[in-house]
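Could you slot chain B onto chain A? The hints should help.
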Amino acid sequence: MLRVVTHVIGRDLRLALRRPADVCSVLFFFILVASLFPLGVGPETELLRRLAPGVIWVGALLATMLSLPRMFAEDFHDGALEQLALAPYPLGLVVLGKTLAHWLVSGLPLALVAPLLGLQFDLPPEALATLAFAVLIGTPALSGIGAIGAALTLGLRGGGVLLSLLVLPLYIPVLVFGAGAVDASIGGMNPAAHLFLLAALTIGGLAFAPWAAAAALRIALE
Amino acid sequence: MLDALNLECLRGEQRLFQGVGFTLAAGELLFLEGKNGAGKTTLLRMLCGLTPPNAGEIRWQGEEIRRLGGDFHAQLCYLGHQNAIKEDLTPLENLCASTHLAGDPLSEEDALAALEQVGLAGREDLACRYLSQGQKRRAALSRLAHERRPLWILDEPFVALDTQAVAWLSGVIGAHLERGGLAVMTTHQAVKIPAASVRRLRLGA
Numbered sequence: 001m002l003r004v005v006t007h008v009i010g011r012d013l014r015l016a017l018r019r020p021a022d023v024c025s026v027l028f029f030f031i032l033v034a035s036l037f038p039l040g041v042g043p044e045t046e047l048l049r050r051l052a053p054g055v056i057w058v059g060a061l062l063a064t065m066l067s068l069p070r071m072f073a074e075d076f077h078d079g080a081l082e083q084l085a086l087a088p089y090p091l092g093l094v095v096l097g098k099t100l101a102h103w104l105v106s107g108l109p110l111a112l113v114a115p116l117l118g119l120q121f122d123l124p125p126e127a128l129a130t131l132a133f134a135v136l137i138g139t140p141a142l143s144g145i146g147a148i149g150a151a152l153t154l155g156l157r158g159g160g161v162l163l164s165l166l167v168l169p170l171y172i173p174v175l176v177f178g179a180g181a182v183d184a185s186i187g188g189m190n191p192a193a194h195l196f197l198l199a200a201l202t203i204g205g206l207a208f209a210p211w212a213a214a215a216a217l218r219i220a221l222e
Numbered sequence: 001m002l003d004a005l006n007l008e009c010l011r012g013e014q015r016l017f018q019g020v021g022f023t024l025a026a027g028e029l030l031f032l033e034g035k036n037g038a039g040k041t042t043l044l045r046m047l048c049g050l051t052p053p054n055a056g057e058i059r060w061q062g063e064e065i066r067r068l069g070g071d072f073h074a075q076l077c078y079l080g081h082q083n084a085i086k087e088d089l090t091p092l093e094n095l096c097a098s099t100h101l102a103g104d105p106l107s108e109e110d111a112l113a114a115l116e117q118v119g120l121a122g123r124e125d126l127a128c129r130y131l132s133q134g135q136k137r138r139a140a141l142s143r144l145a146h147e148r149r150p151l152w153i154l155d156e157p158f159v160a161l162d163t164q165a166v167a168w169l170s171g172v173i174g175a176h177l178e179r180g181g182l183a184v185m186t187t188h189q190a191v192k193i194p195a196a197s198v199r200r201l202r203l204g205a
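Heads up: the protein sequence lines correspond to chains A and B, in order. Everything in the first sequence is counted per our numbering, starting at 1 for the first residue and increasing by one. Everything in the second sequence is counted per our numbering, starting at 1 for the first residue and increasing by one.
So that you can see chain A by itself, here it is in the shape it has in the complex:
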């Protein structure tokens, strides 16, 4: 059963490798959004430090949003999704594989560059570490929740805008706890409580979202 998850991950990663521009554009979007703020606000380190957690997290949310419409669209248009839906496994497992692959190509790179962006905001070293860790464990929840939105808007005209309207409100808890963790770290407090809640969102998201997204995909395929 779990082999199907690894197969889907392998296939999607291979496809992503053949088209590195898609991965890079998301990453550069994130870098640009987070870099515009220090340029716009000016070199007031105190203010930048206050802004940093929120700005970087919002950048991560928007960058994830950018890559969501592609999650199922190509498979839908070339007929591969039908074949996945007819495979003798629960479709939820296939979606779980696609969600994890999406995280590996869009969430993981964000976690790797987030500390570098934090430097622009003059974050202390412990806050940089917290930021990287929070983005690392928070972004799988973004991919999971996003999968539901991507499945619900599959094949719709103007689905991209609708997708943002559907998904961004659901991202609020991740934003609150993710930014909260970094805030706590900047203030010299222990960010563990926020990180635990973030991890809970991710586990909950990865456990439930694939099944909801699979149900939405079946409707889209009808």
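Quick caveat, the hints were computed from the structure, so don't treat them as lab data. All clues stand as given, with none of them false.
Only some residues are given here: those of chain B computed to face chain A with a beta carbon under 8 Å:
(1) CYS48
(2) THR51
(3) GLY70
(4) HIS73
(5) ALA74
(6) TYR78
(7) GLN82
(8) ASN83
(9) LEU89
(10) SER98
(11) HIS100
(12) LEU101
(13) ALA102
(14) GLY103
Output of the computed footprint for chain B on chain A, the stretches with three or more beta carbons under 8 Å from beta carbons of chain B:
(15) 3-14
(16) 87-99
Calculated from the model, a selection of chain A residues having no Cβ within reach of chain B, i.e. all distances over 12 Å:
(17) PRO38
(18) ALA132
(19) SER164
(20) PRO173
(21) ASP183
(22) MET189
(23) ALA193
(24) PHE208
In this text, a Cβ means the ideal position worked out from N, Cα and C, and glycines have one as well.
Coordinates of chain B only, in the frame set by chain A:
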């Protein structure tokens, strides 16, 4: 054995067909006929369980296919309108990925042999985006070379194929029927398939 009872399909306000039913036994081939828009593809998708019928039932070996779920899918090979070929992957990768995901992994030798049969020898390492329409169709059909599932549902399998490939495909379908398999297909071309029992169902007549 595949049974369809009294199937009905509505598309919005319009009724595409109603009261469609047939029984297909082992070794039998069913040709679905009808003009464009008669609902052939929709009926095929119903038979796969992708689209639920508005009324009626589809049974495989006497059991409703919705109830069988994955067990039915493990008996079914569906090739749709679209090729389900990834343009960025090579024919070999496509074939291996699709058979893996369908649950019957193919060894690399078998996969290469299948590609040779469909006339893609020498093209197996070329990304599918560089292939012609007919070659892409061949890459998709290469799955049938080693397919041993009993029920084949094929939507316009002969589209874009040259005469040589049409002959190969007819032979493969014939061999499948001879093994006791079942096949349901649509086509607008007059093709000769070596089958003991060929039945025809006309939609929208």
